[in-house]
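> Read top to bottom, the protein sequences are chains A and B.
Going by the numbering used here, the first sequence opens with residue 200, and the numbers climb by one from there.
Going by the numbering used here, the second sequence opens with residue 78, and the numbers climb by one from there.
Do not rely on the hints blindly, as some may be mistaken.
According to the in silico footprint, chain A covers these stretches of chain B (three or more CB under 8 Å from chain A) [claimed, not checked]:
no.: 1; stretch: 203-210
no.: 2; stretch: 222-229
no.: 3; stretch: 305-314
no.: 4; stretch: 350-359
Residues of chain B placed beyond 10 Å of chain A at every Cβ, according to the derived structure [stated by the list, open to error]:
no.: 5; residue: Asp143
no.: 6; residue: Ser167
no.: 7; residue: Arg181
no.: 8; residue: Phe184
no.: 9; residue: Val216
no.: 10; residue: Pro275
no.: 11; residue: Leu294
no.: 12; residue: Phe406
no.: 13; residue: Ala407
no.: 14; residue: Glu426
The set of hints was computed from the structure by calculation and includes no laboratory data.
Heads up, the beta-carbon is just placed ideally off N, CA and C, and yes, glycines get one too.
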Amino acid sequence: MSARFQRLAETGRGTFQITVDGMPVTAAEGDTLIVALLTSGDSVRYSEFDDGRRAGFCLMGACQDCWVWTADGRRLRACTTQAVAGMAILTRLTEGVWPRV
Amino acid sequence: MAPRVIIIGAGPAGVRAAAALVEAGLRPVLIDESRRDGGQIYRRQPESFTRSYLELYGTEAGRAQDVHRTFEALRDHIDYLPETLVWNISEGEVHLQQGTRYSRRPFDALLVCSGATDRLMPVPGWQLAGTYTLGGAQVALKAQGCAIGLSVVLMGTGPLLYLVAAQYVKAGAQVAAVLDTSTFLQRLRALPQLLTAPTALRKGMALIKVLRRAGVLLKRGVTPLEIEGSAQTGVTGVLVDIGAAQPLTIACDAVALGYHLRPETQLADLAGCTFEFDKEVGQWLPSIDTDGRSSASGVYLAGDGARVRGADAAECSGRLAALAILRDFALAAPADELARLRRELARLERFAAGLRAAFPWPAKLAAKLPDRTIVCRCEAITAGELRRVVRDTGAIEANRAKAFSRVGMGRCQGRFCGQAGAEVIAAAANVPLEAVGRLRGQAPVKPLPLALRIDDGLDHEAHQICPEAESCIADHAIAQEYCK
Numbered sequence: 200m201s202a203r204f205q206r207l208a209e210t211g212r213g214t215f216q217i218t219v220d221g222m223p224v225t226a227a228e229g230d231t232l233i234v235a236l237l238t239s240g241d242s243v244r245y246s247e248f249d250d251g252r253r254a255g256f257c258l259m260g261a262c263q264d265c266w267v268w269t270a271d272g273r274r275l276r277a278c279t280t281q282a283v284a285g286m287a288i289l290t291r292l293t294e295g296v297w298p299r300v
Numbered sequence: 078m079a080p081r082v083i084i085i086g087a088g089p090a091g092v093r094a095a096a097a098l099v100e101a102g103l104r105p106v107l108i109d110e111s112r113r114d115g116g117q118i119y120r121r122q123p124e125s126f127t128r129s130y131l132e133l134y135g136t137e138a139g140r141a142q143d144v145h146r147t148f149e150a151l152r153d154h155i156d157y158l159p160e161t162l163v164w165n166i167s168e169g170e171v172h173l174q175q176g177t178r179y180s181r182r183p184f185d186a187l188l189v190c191s192g193a194t195d196r197l198m199p200v201p202g203w204q205l206a207g208t209y210t211l212g213g214a215q216v217a218l219k220a221q222g223c224a225i226g227l228s229v230v231l232m233g234t235g236p237l238l239y240l241v242a243a244q245y246v247k248a249g250a251q252v253a254a255v256l257d258t259s260t261f262l263q264r265l266r267a268l269p270q271l272l273t274a275p276t277a278l279r280k281g282m283a284l285i286k287v288l289r290r291a292g293v294l295l296k297r298g299v300t301p302l303e304i305e306g307s308a309q310t311g312v313t314g315v316l317v318d319i320g321a322a323q324p325l326t327i328a329c330d331a332v333a334l335g336y337h338l339r340p341e342t343q344l345a346d347l348a349g350c351t352f353e354f355d356k357e358v359g360q361w362l363p364s365i366d367t368d369g370r371s372s373a374s375g376v377y378l379a380g381d382g383a384r385v386r387g388a389d390a391a392e393c394s395g396r397l398a399a400l401a402i403l404r405d406f407a408l409a410a411p412a413d414e415l416a417r418l419r420r421e422l423a424r425l426e427r428f429a430a431g432l433r434a435a436f437p438w439p440a441k442l443a444a445k446l447p448d449r450t451i452v453c454r455c456e457a458i459t460a461g462e463l464r465r466v467v468r469d470t471g472a473i474e475a476n477r478a479k480a481f482s483r484v485g486m487g488r489c490q491g492r493f494c495g496q497a498g499a500e501v502i503a504a505a506a507n508v509p510l511e512a513v514g515r516l517r518g519q520a521p522v523k524p525l526p527l528a529l530r531i532d533d534g535l536d537h538e539a540h541q542i543c544p545e546a547e548s549c550i551a552d553h554a555i556a557q558e559y560c561k
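Chain B on its own, in the form it takes in the complex:
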């Protein structure tokens, strides 16, 4: 019998994987949280909108269109479940939520292409209305034709910093400044690796040219000091140290903030994958082989959700993981393509390493955050409180510190505070980041409606639906609210 394959995520990785499986004669299930395919990078605007591919995706218009067309051609050959959240994975089954309906689907092979979100370093004032992630600022423009404010500062580091800034300029938004924590020297040192993908490098440099031509204030090597504003009406400006005698204040009513990306690994965690600490990126990542096999039998990982390597690599790794599934189930997979994809992915990995070196995560900023800085935006818990917990309880392990401080326990489930929180703990306890460990993924991976009903027409108690209910009630705030 043909293996039952479930793919989570309809971005570039998931779509390319689905295509490869359909070509081999399988009918995969493709589950996606969004209303439309494309993932975040190739997110589609509503059907009635009229902007062209070139306007929406710039130099990536051709790739975006190809991924969308590939998906459309697949529609009759896959079981596509949009607006569906996979909120838990148990032995051979995914647990789904669609609106208030709950169901389960069995699989023989599961490919998780869960994508990434912005990696955030807190700064005093980042909880103020008008602060968004860089990815969020891009979503507002791409999917909704809006700028996040009248006058926007983009701050942080990473390729997205310059991409979003250039997109805002081209769309007619007022960009008050682009403030990069990484330095020119770091970029120069990364050049040999970046040259492994000269076209991508050229595209990046063209973005900076767009900003210069528009007269946008560009600063490198900055230290963010504060997002200024009022608790009632939001952002009014940004304060940064630029190495001069006086810090620089820039007036604005919106800030887009981000430091490259972090993979969404909760589902890999729930699927039982082993994680390893990657010293270079300072992140715990699920272990995978060249083709995307995880440590858990029948579970495969691809795209930015496994390793942040960008959209082109996501397409490549998605297809590669699909070929791995075919081979593992003794189905024919084209050997010449396998070798080509592995070579291509290795090249893109070198480029991604170049980007990481050019735009490094500013780990050291965490130790310097003033005590009043909110680390957990969900529950307004400060760096000072987290440090107090480390000092008073001796908790240095991430989950233990979470239990005492509640940092990571709010409803974003540590997505936006987890990595910086670990840096704060490591600095306060004077231990290496690796010793802090990582926040465990918890089901449900996102808040569920309490009114969830099993899809069989009968009413059930919530604890029958959520197998983790009892343990989550003990140590998980979200579950306390949604699984009781």
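Same shape as in the complex, but just chain A:
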């Protein structure tokens, strides 16, 4: 998957790793989670209503179109969550994990 967001400024920051669906992804210090996800991929989740992949919309916490999950079932709104080293993000809730929303 190619990157959707393009970094244009503040490119000299330190980086760290998170995982997305088990795959390692590099994030930069100060990134929101959605920026970490979309500078390494082109979307963040599936629409629950079968119209395809979604990549967020308002980027200011109003549309709720960038929800992702942690491995232990917590729901995160990627545009208002800071990326933190070691985060394990799932773009889809796996079967058998009870959502702890």
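Fit chain B to the given chain A structure using the hints.
Just chain B now, with coordinates in the frame of chain A:
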């Protein structure tokens, strides 16, 4: 005893209001959803970022810096609650969420400075990955130093269309086109009103010059036809009618879409404010007097959350509302300043009216949307389904049509589909927009974590926390998920 004042929102309106109250010897509570102050317009980048005020805010660098400095000087004199959502308002109390903690705060006076979000008109394909709001495209750049794609089309209308486009060009992004639904003639007709703020008008024209100099394709009077792309990989282009024999296709991998702004009025609604239909903007707005007093006793409204008049007016109306609070609680408020602020706000209102005339909401597009167009992005509900509901059930009132079609019931709670949905209903039923009414604000105004705990160390059932739980379960999808 000094009145307990709560301000919601730490943007330009909230910060100026807090300053005025502190000057009068009060210690207001300032509650804000974001991690840092500034609101959307003067949103701050993370502490470790190094871009200058000029790079971030352009011609508004001085104002942004002044609002930020004012806030910093206030820190020891206010109770500041960042990353805190006000999700409900009941008699004299706001209900708060911080992480998984729930608490309440009483107030004697409440000033809501809730800001605005983009006003959206659907277009086929706007659900595709890579479509963002204009405001969102700006957030990506301002707060995170990113462009939303390699090649970006900006489409819609309003001052933000040209501002974001110019900011993208200056930051080195590739802007494939700027496509405006409003016409040159509309702008020309608005000129007398726009001349009430000649400096702002000049700044706007300078943005267009930036775009022309960069060779950006600029089209006015367009009709958006489709955002093209794939459900799996997202946007590949935009199709617009430019009045020529053939529609124009522009290849891109990202679209920023928006038609000016809509105020965030849910909290005013929950606070019991009366709303009135504003024919000129085609929106239901909470009633306010010159100084920002709502119809509800002790509730005041300022900034774009009350009326979309821009950042300068937000500063002005925030301070004005604070002076109204002081006067209503029989505290000294400087009379000369009151008169000056009212004059200034009236001037900025004339300019805002000019912008509305220059960049009008394209209401008529709603009737022409193909049936397959998704209106509700949350739940992928189409214009055709909404029209079917109007036709088959006779539901023309917004909340009734919502109950049958689910348009407005998704987790954005109608923020992005509500206004266009009302236009679709009005056109399908052949009634004036006013007859459709408005979607009622519902608590919680944003989804809450089910694991919410009352801040007293004890566990409580969710229904004890959410006083609306039973009614929301009956008619509110979000509540079904989060308040049961």
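> Of all the hints given earlier, name the ones this structure violates by number, lowest first.
4 and 9
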